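> What follows is the residue order along each chain.
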Amino acid sequence: MQGNEAMARGLVEHGCVVAASYPGTPASEILTSIDAWRKAEGVSMHVEWAVNEKVAFEIAYAASQAGLRAVTAMKQVGLNVASDPLMSAAYLGTVGGFVVISADDPGPHSSQTEQDSRLMAVQAKVPVLDPSSPAEAREMAGLAFHMSEEFQVPVMLRPTTRVCHACQDIVPEPVQDLGRKADFRKDPKRWAATPKFRYDLHLKLNETLARIAAYPPSAPRCHNPESLSRRAVVASGVSAAHAREVMNAAGLWDSCTFYQVLQPYPLHSAFVEKMHGYDEVLVLEETTGVIEMQLRDYRKVQGKLSGAVPEAGELLPETIEQILTRFAGRPQSELAQAAPAPGKRPTLCPGCPHRSSFYAIKKAVPKGIYTSDIGCYTLGINLGGVDTVLCMGASIGQAAGFYQAYRVTGEPCDIVATIGDSTFFHAGIPPLIDAVVQGARFVLVILDNTTTAMTGNQPTPSQGTPSGKGVDIASVVTGCGVEFCRSADPLNLPAFTALVKEALAFSRESGVAVVIAKSPCLVDKSVRQPRRPQAVVDATCTGCRHCTSQFECPALVFDPASGKVSVDVMICSGCGVCLEVCPVRAIGQKGENL
Amino acid sequence: MISQQLIISGVGGQGILFITRLLAETAIALGAQVLTSETHGMAQRGGIVISHLKIGDFSSPLVRPGHADGLIALKPGNVELHRSFLKPGGFIAANSGAVAAAPELAGLSAGIDADAISLQLGNPQSVNLIVLGCALSTGRLFCSREDLEGVIRRKLQHKPPLLEGALAALAAGAGS
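Sequence order for the protein chains is G and P.
Every letter in the first sequence is one number past the one before it in my numbering, and letter 338, counting from 1, is 338.
Positions in the second sequence are counted from 1; adding 1000 to them yields my numbering.
Chain P with its partners taken away, still in its complex shape:
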């Protein structure tokens, strides 16, 4: 039985909800139960956005501090902000931005300058999938890259240009 609690954090407009649902649908495709909790409303306007994702036998939609298996941060500053959700030994995959050696980023399992890569890809909206790819590269996510790609293909099957961009971003983040 898969059991994993994840925190996904960033700011409004980065596509946190998209990757949260992508991961949730991937978990369902793998036969697991899923609960997520999302941020909507005024907080989305450039403010901090956080998603809780719980895969397995849970009843509460929220992750308790000290209980997350992993933290996926789409903004460098959010690692410090939401690190307290991690359990000891939990992994962090983050957009480390241009300053990869900043002190608040100590202890990253995987960091990637997703802003720069997204601009190289000509797709500034793809930071979310690049960091998700980076999370895959830790080898500690509940699913494989193939699992995720399958769900992305299904979700975007009627939007070929978006699908291509999404798969390219995931691949860039995963390091291939």
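Chain G with its partners taken away, still in its complex shape:
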């Protein structure tokens, strides 16, 4: 079972009824797995991909207010989007167990930041649990529901990539049916509290936190209580798993007393006192020193704040091995380190319609500023089609911002924003309204592949659901007041390039022009892909490498020996776009016999 599947299993086993999420690595498989367990067990649940994390949070929170067990799951930057309801929900509290899963990505492997969601839990004043393995993540899902109901607060479960995407042999337990019915008890003083009452709620929350800091089931665990060492190692999350294995391998169990913290915030008060009794304490955690900050006697404590542990990047087992042996006073042997791996940079897939869109944009608007967004198409950076990536939806806000900055100080410039269909629904609509209202002028290309591709092809709102209808992107765009909105398939490169030029002409004169680049994702298995003949390069190739540098398709490979480009038949999808890209038209397509 993958960590995400295991957490999902734990939630369903403990009677979760409502689950809402927005996809984001490493959290994406949680909701899919909840739905799979729901089907397999035949339980009645509402499971949804929400339009964004804030909405997902609110959907699940309302179920908790109505007395049901509910979960919302997201990646760490998704929690930024949901932070508004999180802060408030901590004050108002819960009725049914409410678990907020925020998956962190130290490294980062697939994220904009390495932020530590546990700091968000500190800010919101909600307890947070830090699993060290898939099996523990499953157990903690149940613990989180119990804590949430016992203390009437949301409980955060904070796995990291190495828990979410680790797999472990786990035996499932039976699913409980709690038999609860939705039953919202009106209490406006609580559920719609005005600032005066919020002060009281804040006082109450502080008292609750003090009680949670003495809750036995989530207290730190000592793995070698027989140890008489005056040194303590305190670890949480996957760092604890790495550290235990290193302690085994290096025979360090007599050299330090080892504690695993399950609940990094609020840290158990008795544990904080106990740490004062040690001569030295080493804290191993990802990504910020959240536990370390709560150990008040800094003179004894080594960790991220003291400089003993790196403050950025993933805490790998080989790094932990070095830190632990040094802390235990063992001689430092030359430890093997992974070779720095520049490796292959990620690229858009061969035949990806986004590649064609970016090529057309560069042709049609060669001197433009290209703002872009979060998704596979961020990889348009390889083609020189992406100048900025900030956060979900920012391509549109930044395009409007650049327009205003250039306009107010001189000549307006050409600007093209690119945003995916799912990202547009998630956070693109308010900035589009703002752009229209403020008279901003730019071209917005919505890359509509009818899926959330990067995270594993989750659906977007345009497809609807079995119980609700789809929302049409063009209708949303025109509803926002945009007067130029046209759709075309970017794989037809000449026609699509002409449309972007037309949109540019409109935007220079009149305002925002929207082009919807509509073409399905090639890795979306729910869409049947036509089999198309692969490209072949003939002898007239001049080796100018325009196709490899400007179009950057991984299936086009320059061979230094022959001085020509050839097609990698293992990966060419036969999209045929490169035929239009080659300046000397040396690329053709194989016969239909393929």
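Since the hints were derived computationally from the structure, they do not count as laboratory data.
If you're wondering where the values come from, they're calculated on a predicted model, not measured in any experiment.
Incorrect hints may have been included.
Straight-line distance between alpha carbons at most 25 Å, and here's what the computed BS3-like set of lysine-lysine pairs gives [stated by the list, open to error]: (1) G:Lys39 - P:Lys1159; (2) P:Lys1155 - G:Lys525; (3) P:Lys1159 - G:Lys525.
Mind docking chain P on chain G? Use the hints.
Okay, now just chain P, sitting in the frame of chain G:
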């Protein structure tokens, strides 16, 4: 008790996750504890993908450099990239591509031109299983070919054409 740490490496789209889970399920079928770590997200888009697989009594999902018993590489270039995970004497089974004698491939326990074989089989998606078959041929994998075939049969029992292709690829890689 079986104890083995493996690194499986390639690029996105080659089916690294599939063979990692296949090996993990085989280990579970043999009664062993398993931990794996996978790559997801943007890195999968044509980038380097690496799986860690640990069979036996381990708590960390990651293999430390210098501790892997074996490296299974689905791309020739990945041998050099991930060789540092191997312990002294660890085995390497790799897709050596058309240039079997490239210097970076020195020290291979077993190499195979899996790209060419997959095209011969008419199944370009089967490079992963061909190289896995090649790993079996070293005789140093924790499991036997029969063990693996049993799990493949169970996983693909409802997809007969895929099952046939998978078994053929494994056999081609194992050299029979």
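> Run every hint past the structure and note whether it holds.
Going down the list of hints, with the structure as the test:
For the hint pairing G:Lys39 with P:Lys1159, the CA-to-CA distance comes to about 21 Å; that is within 25 Å, so the pair holds. For the given pair, P:Lys1155 sits about 19 Å from G:Lys525 by alpha-carbon distance, which is consistent with the 25 Å threshold. Taking the CA atoms of P:Lys1159 and G:Lys525, the gap is about 16 Å. The hint holds against a cut of 25 Å.
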